[in-house]
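Modelling step: build the complete structure from the supplied sequences, incorporating the hints.
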Amino acid sequence: KQEVTQIPAALSVPEGENLVLNCSFTDSAIYNLQWFRQDPGKGLTSLLLIQSSQREQTSGRLNASLDKSSGRSTLYIAASQPGDSATYLCAAYMDSSYKLIFGSGTRLLVRP
Amino acid sequence: NAGVMQNPRHLVRRRGQEARLRCSPMKGHSHVYWYRQLPEEGLKFMVYLQKENIIDESGMPKERFSAEFPKEGPSILRIQQVVRGDSAAYFCASSPYVSETYEQYFGPGTRLTVT
Numbered sequence: 003k004q005e006v007t008q009i010p011a012a013l014s015v016p017e018g019e020n021l022v023l024n025c026s027f028t029d030s031a032i033y034n035l036q037w038f039r040q041d042p043g044k045g046l047t048s049l050l051l052i053q054s055s056q057r058e059q060t061s062g063r064l065n066a067s068l069d070k071s072s073g074r075s076t077l078y079i080a081a082s083q084p085g086d087s088a089t090y091l092c093a094a095y096m097d098s099s100y101k102l103i104f105g106s107g108t109r110l111l112v113r114p
Numbered sequence: 002n003a004g005v006m007q008n009p010r011h012l013v014r015r016r017g018q019e020a021r022l023r024c025s026p027m028k029g030h031s032h033v034y035w036y037r038q039l040p041e042e043g044l045k046f047m048v049y050l051q052k053e054n055i056i057d058e059s060g061m062p063k064e065r066f067s068a069e070f071p072k073e074g075p076s077i078l079r080i081q082q083v084v085r086g087d088s089a090a091y092f093c094a095s096s097p098y099v100s101e102t103y104e105q106y107f108g109p110g111t112r113l114t115v116t
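Going down the list, the protein sequences come from chains A and B. Residue numbers for the first sequence follow my numbering, so the first one is 3 and each next one is one higher. Residue numbers for the second sequence follow my numbering, so the first one is 2 and each next one is one higher.
If you are wondering where the hints come from, they were derived from the structure by calculation, not from laboratory data. There is no bait here: all hints are sound.
Output of the computed footprint for chain B on chain A, the stretches with three or more beta carbons under 8 Å from beta carbons of chain B:
#1 31-40
#2 45-53
#3 100-113
Sample of chain B residues lacking proximity to chain A, with all beta carbon distances greater than 12 Å (derived):
#4 Gly-17
#5 Gly-29
#6 Lys-52
#7 Arg-65
#8 Gly-74
#9 Thr-116
The structure displayed is predicted, hence computed values, not measured ones. Backbone N, C-alpha and C fix where the C-beta goes; we use that ideal spot for every residue, glycine too.
Take a look at the structure:
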């Protein structure tokens, strides 16, 4: 059974700091991995999707990597801003499956 | 191209009442997925539907919950005789029939509060 774990559960950093959010999964037979942002009381905003044939994806100040062999993905946020404060969720698409398996999220606070 | 639409955005029901949550997928998408997010938890898969077919409902509670995706109209998630533990955010996602990435596109969610 696939499990997705996110560490840390919460993170508080000063503005301008570079930071890394971690996501690990127990079953390497994942197809794709996706990172989302969720603001309090709001829906999900897709940030990056990494296909199984890819090792990383970049969008602006965000970079996500995927290492299937070690069962890990990381989301790197450069030069963090208070507007980055939100909960970040990673989710795995399993091979031959349509179910997204979500982690519990990392709650990020960027202090001005 | 409008995104995935869900309504209502907020729904309050008393214990024992019925809740109906609606989801209109993106144009051209024929696959719909429902997920539930309990307070302070991640999203959990509930059900996967195609037009007029339930493909996988392994994440649905055995009783009181049902889902449909008719030939015409939105997908409906129905919760009968709601209890306080049903209070959660319910998210719908959709995807096209053929997708290289299998990416699912999420709606804004319906927040159900049971009083």
